[in-house]
Amino acid sequence: MNSSYSVISILRLLVIVLIMFILLAPFLWILIASFRPNMELVRNQTLIPQNITLENYVSLFAKSAYWKWVINSFIVSLYTVILSLPLIVAGAYSVYRTQFRGRNVLSFFLLSVYIFPTALLVVPIFKIFDGLSLIDSHLGCALMNTAFAVPFGIWLLQAFLRSLPPELEEAAAVDGISKIRTLFQIIIPQAAPGIIAIAMFAFIVSWTEYLFAMTLLLSNDLHTLPIGLTGIVFGQYRVNWGFAAAGAVGSALPVFILFLIVGRWFIRGISAGAIK
Amino acid sequence: MTQNDFRNSEARLGLYLILPAVVLVILVVILPIISGIQISFTSQRVVGSEFETVGLKNYLDLFGDKNFIASLGRSAVWVIANGLFQTIISLLIALLINQPFRGQNFVRTWILLPWAVPAAVTAILWRWMFDATSGIINTSMMGLGVLEKPLLFLANPEIAGISLTFVNSWRYVPFLTIIFLASLASVPEEEYEAAKVDGAGMWLQFKSITFPNLLPTLTVLGLVGTLWASNVFDIIWMMTRGGPGVSTTTVPVLMYDTAFYGYNISKASAGAIIFLLLLIIFAIVFIFLNRKQFILANETFKDLSK
Amino acid sequence: MASVSLKNLNKFFGNTLVVNNVSVDIADGEFLVFVGPSGCGKTTTLRMVAGLESISDGEIQIRDRTVNHLPPGARDVAMVFQNYALYSHMTVGKNLGFALKARRFDDDDIKKRVLRVAKMLDLEEMLDRKPRQLSGGQRQRVALGRAIVRNPQVFLMDEPLSNLDALLRLQTRKELIELTGELKSTVIYVTHDQVEAMTMGHRLAVMNEGEVVQLDTPENIYNQPSSRFVAEFIGSPPMNFLNMEINEKNGKKFLKNDSLVLPVPDSMKKLCENAVIMGFRPNEIELVSQGGISGTVSVVESLGAEKLVYLKLGVNTISILVPSEEKIKSGENLQFNLRPEALHLFNYSNQRRITSNRND
Ligand SMILES: Nc1ncnc2c1ncn2[C@@H]1O[C@H](COP(=O)(O)OP(=O)(O)OP(=O)(O)O)[C@@H](O)[C@H]1O
Ligand SMILES: [Mg+2]
Numbered sequence: 011m012n013s014s015y016s017v018i019s020i021l022r023l024l025v026i027v028l029i030m031f032i033l034l035a036p037f038l039w040i041l042i043a044s045f046r047p048n049m050e051l052v053r054n055q056t057l058i059p060q061n062i063t064l065e066n067y068v069s070l071f072a073k074s075a076y077w078k079w080v081i082n083s084f085i086v087s088l089y090t091v092i093l094s095l096p097l098i099v100a101g102a103y104s105v106y107r108t109q110f111r112g113r114n115v116l117s118f119f120l121l122s123v124y125i126f127p128t129a130l131l132v133v134p135i136f137k138i139f140d141g142l143s144l145i146d147s148h149l150g151c152a153l154m155n156t157a158f159a160v161p162f163g164i165w166l167l168q169a170f171l172r173s174l175p176p177e178l179e180e181a182a183a184v185d186g187i188s189k190i191r192t193l194f195q196i197i198i199p200q201a202a203p204g205i206i207a208i209a210m211f212a213f214i215v216s217w218t219e220y221l222f223a224m225t226l227l228l229s230n231d232l233h234t235l236p237i238g239l240t241g242i243v244f245g246q247y248r249v250n251w252g253f254a255a256a257g258a259v260g261s262a263l264p265v266f267i268l269f270l271i272v273g274r275w276f277i278r279g280i281s282a283g284a285i286k
Numbered sequence: 032m033t034q035n036d037f038r039n040s041e042a043r044l045g046l047y048l049i050l051p052a053v054v055l056v057i058l059v060v061i062l063p064i065i066s067g068i069q070i071s072f073t074s075q076r077v078v079g080s081e082f083e084t085v086g087l088k089n090y091l092d093l094f095g096d097k098n099f100i101a102s103l104g105r106s107a108v109w110v111i112a113n114g115l116f117q118t119i120i121s122l123l124i125a126l127l128i129n130q131p132f133r134g135q136n137f138v139r140t141w142i143l144l145p146w147a148v149p150a151a152v153t154a155i156l157w158r159w160m161f162d163a164t165s166g167i168i169n170t171s172m173m174g175l176g177v178l179e180k181p182l183l184f185l186a187n188p189e190i191a192g193i194s195l196t197f198v199n200s201w202r203y204v205p206f207l208t209i210i211f212l213a214s215l216a217s218v219p220e221e222e223y224e225a226a227k228v229d230g231a232g233m234w235l236q237f238k239s240i241t242f243p244n245l246l247p248t249l250t251v252l253g254l255v256g257t258l259w260a261s262n263v264f265d266i267i268w269m270m271t272r273g274g275p276g277v278s279t280t281t282v283p284v285l286m287y288d289t290a291f292y293g294y295n296i297s298k299a300s301a302g303a304i305i306f307l308l309l310l311i312i313f314a315i316v317f318i319f320l321n322r323k324q325f326i327l328a329n330e331t332f333k334d335l336s337k
Numbered sequence: 150m151a152s153v154s155l156k157n158l159n160k161f162f163g164n165t166l167v168v169n170n171v172s173v174d175i176a177d178g179e180f181l182v183f184v185g186p187s188g189c190g191k192t193t194t195l196r197m198v199a200g201l202e203s204i205s206d207g208e209i210q211i212r213d214r215t216v217n218h219l220p221p222g223a224r225d226v227a228m229v230f231q232n233y234a235l236y237s238h239m240t241v242g243k244n245l246g247f248a249l250k251a252r253r254f255d256d257d258d259i260k261k262r263v264l265r266v267a268k269m270l271d272l273e274e275m276l277d278r279k280p281r282q283l284s285g286g287q288r289q290r291v292a293l294g295r296a297i298v299r300n301p302q303v304f305l306m307d308e309p310l311s312n313l314d315a316l317l318r319l320q321t322r323k324e325l326i327e328l329t330g331e332l333k334s335t336v337i338y339v340t341h342d343q344v345e346a347m348t349m350g351h352r353l354a355v356m357n358e359g360e361v362v363q364l365d366t367p368e369n370i371y372n373q374p375s376s377r378f379v380a381e382f383i384g385s386p387p388m389n390f391l392n393m394e395i396n397e398k399n400g401k402k403f404l405k406n407d408s409l410v411l412p413v414p415d416s417m418k419k420l421c422e423n424a425v426i427m428g429f430r431p432n433e434i435e436l437v438s439q440g441g442i443s444g445t446v447s448v449v450e451s452l453g454a455e456k457l458v459y460l461k462l463g464v465n466t467i468s469i470l471v472p473s474e475e476k477i478k479s480g481e482n483l484q485f486n487l488r489p490e491a492l493h494l495f496n497y498s499n500q501r502r503i504t505s506n507r508n509d
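Protein sequences appear in the order of chains A, B and C.
Per this note's numbering, the very first residue in the first sequence carries number 11; after that it's consecutive.
Per this note's numbering, the very first residue in the second sequence carries number 32; after that it's consecutive.
Per this note's numbering, the very first residue in the third sequence carries number 150; after that it's consecutive.
The following block holds chain A by itself, in its conformation from the complex:
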């Protein structure tokens, strides 16, 4: 019994390691590649780098508009977080902690956003945004990201909200505290881990977004990281893999840092509080 148990657990550990390897090894590989000269990458490669160089980073940081793209990406993501947080918190509170007729239908309706074939309807969006002068504006781009972050964000917050005991609100109600005040001073502080998680979710939705940024941001000055980077990397006939690798590292680094700081909060914030 005991020995077969440990065989199973070792096997399980091996599978987990393998999965994590598939998921994370490409990052390590590209990190190594980013320090190798392009010529070495194009010729038949060796596993161990022969030469170490910073030339790729020099062309990324000094010769491309990297910093501008990063700032633009941050602006759009920040807008998205600022716009989505109140909508998600209010929406989730409404759907999961109040009762009114039509609650079901509305929560359906919100999730139906994802039916929307984004790549196909960028044309009408373009037309509508043109009329609202939201073309070529970070805000317009963030608005789209928000619309696609909010419905799922609301759903993500439910587990946490549902795990709060109803007596919290009832106690406040008996004490004569208004519903709005209860929301702000009791529910929101209690739901802090959940709110951190959805902020992360909204940020990443925006940070990784490609299509809206590509269609709605016309001027080079406004381009976000993915647009700027792919413009250079895939815009040429022969891909400069050294530069591409440095660009990929440069784009992944901000989320890497974000994960170092708040990464472990994500799962805690979307589960009903059982994870420590």
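Since the hints were derived computationally from the structure, they do not count as laboratory data.
Just so you know, these numbers come straight off a predicted model, no measurement behind them.
Treat the hints with caution; some may be incorrect.
Examples of chain C residues lying across from chain A (beta carbon under 10 Å, computed) [as the list claims (entries may be wrong)]:
{"id": "1", "residue": "A199"}
{"id": "2", "residue": "L201"}
{"id": "3", "residue": "A223"}
{"id": "4", "residue": "D225"}
{"id": "5", "residue": "L235"}
{"id": "6", "residue": "H238"}
{"id": "7", "residue": "F247"}
{"id": "8", "residue": "R252"}
{"id": "9", "residue": "R299"}
{"id": "10", "residue": "F390"}
Just so you know, even glycine gets a beta-carbon here, dropped at the ideal spot from N, CA and C.
Dock chains B and C with the ligands against the given chain A, drawing on the hints supplied.
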């Protein structure tokens, strides 16, 4: 039965609070759809150009268009391969890492990295991994003598679709896994303990505790995940542009290409509307079949067992 | 402080009636306990008074004002929840002062009141701690303090002691009695624990299946339970019940079953039923060495100072309480006497008490 004012004010507040999200969705989703329907009945070729109303012509053209019909088929395969496959894999991985092990916290956090980096990074990463002459997969396989000549992961029409499915799954499976994991963690440990005391084996525990508790999550992810998969554009566009040939041209890719490179936004809009209708039918059938999972209990947050 | 009156309250959940025509008048400063078995509608009744549950039919008045349509916060009641519902992100001090702050009391006043209540409840040391750094008993006191600090007209308490261990529960019970006595508060208290109800309540409202079946002082309820249900629910160990026929011999009435015959007490001479349920409490018997009702001991349970003895009387088993010095073994024969005053008679069909002063 009289409602008291406390419940009434709660209902009013609930409605007010959800309204902003609803308005945004209407603005950004419903209006474009209406506008898309309008465009699809015209002969407009680029935004702002002259056009006339042509009725159903675009739709009829599309139904006669072998290319379009073929892309519908490709989309169907793509959705099954991605939507279904990803959901199952994610669930399995979640079950695998749900029980404690050394490094569980590391896995729970860093598994998400592929989902959190821009699609552009994913595209660079895997185009390079897959590269015929300098990609690590081909060079190491050839070095080990497993392959004689490089596999053209993205340039061979036979396997490009599989490669893309792999990359897209690499990107989304971590996120779905974490959501399943969160939902697994919400199952009270006592329920398992009670079942163990009752002599339930692993399979019975899964069937009678884990699965029912996961069902609401599974249903929502089944729906939303399928819709996400059907609308995937960025990865395909950046990795193959629908090629080689048209082997990875799903409906979104074809319509995007028609609109912006074929300069025919009215035809693209008609294609979009057809695709949308198919998705709506899918969603309605799906929701109808799983309606129990979607109805929020009347007393969602009231724990009656207390 | 204020009087509260519940008039013909009804509550439906869907089609099920869970509170059925409840009418209770609670006097100013009274400690009224709703007691009854699990699921009988106590919590629901209390929540209707608080305004957390809508009223299907009937009326609630606080200080002679109908409050049916007032939101909970406007009723000037304070509630202590079973799980305390403390705000875990606030310190004890903030928890205590939160309601006052929401009502825009000025900071000095809040501080003064919070300190006074903290002193009263021995919580001064803990004002800066978070609820999770407190023991169960301390949390319970914070929940209580949060109610007291508001100085409300009425306190509503839903099993506030049930999460405490036995010893702490006894101690807190005493404190709660003293405290509410000092404050002269009107308290509506819900419990399923009849001992708690008996010791705390000025009056008890015994509930069963949504109805108040008896409303009286603890003594009266104990001595004259209005129905077999109340007789069984109140008092521990529970009352014994035996089905008896009424026989008449020589103009005298007797209670009789397969194993015993007893004269009907003088006070109940006017009895006209020919079958009744007879009840007597296990402690209201008298052991005798001979000439009493005799039974065979089946089980003996030691309760410390006393022993609970199960006796077989023919086909029935009853329980009696005897001092623990008595040496009793199972299988042995025991004899006891029942005083006429100790007998409670209930109607066989509707299970109501048959009162002595009935004139029919
Ligand atoms: N929200 C609800 N919806 C439907 N039925 C309910 C609801 N709340 C309570 N009930 C039912 O109403 C009845 C009375 O419940 P209540 O909570 O008042 O019982 P209680 O006397 O407080 O019991 P306990 O001592 O177990 O707390 C129960 O049968 C319960 O199942
Ligand atoms: Mg109760």
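Going through the hints against the structure:
| no. | hint | verdict |
| --- | --- | --- |
| 1 | A199 | 5 Å, holds |
| 2 | L201 | 5 Å, holds |
| 3 | A223 | 7 Å, holds |
| 4 | D225 | 8 Å, holds |
| 5 | L235 | 8 Å, holds |
| 6 | H238 | 4 Å, holds |
| 7 | F247 | 7 Å, holds |
| 8 | R252 | 7 Å, holds |
| 9 | R299 | 7 Å, holds |
| 10 | F390 | 39 Å, violated |
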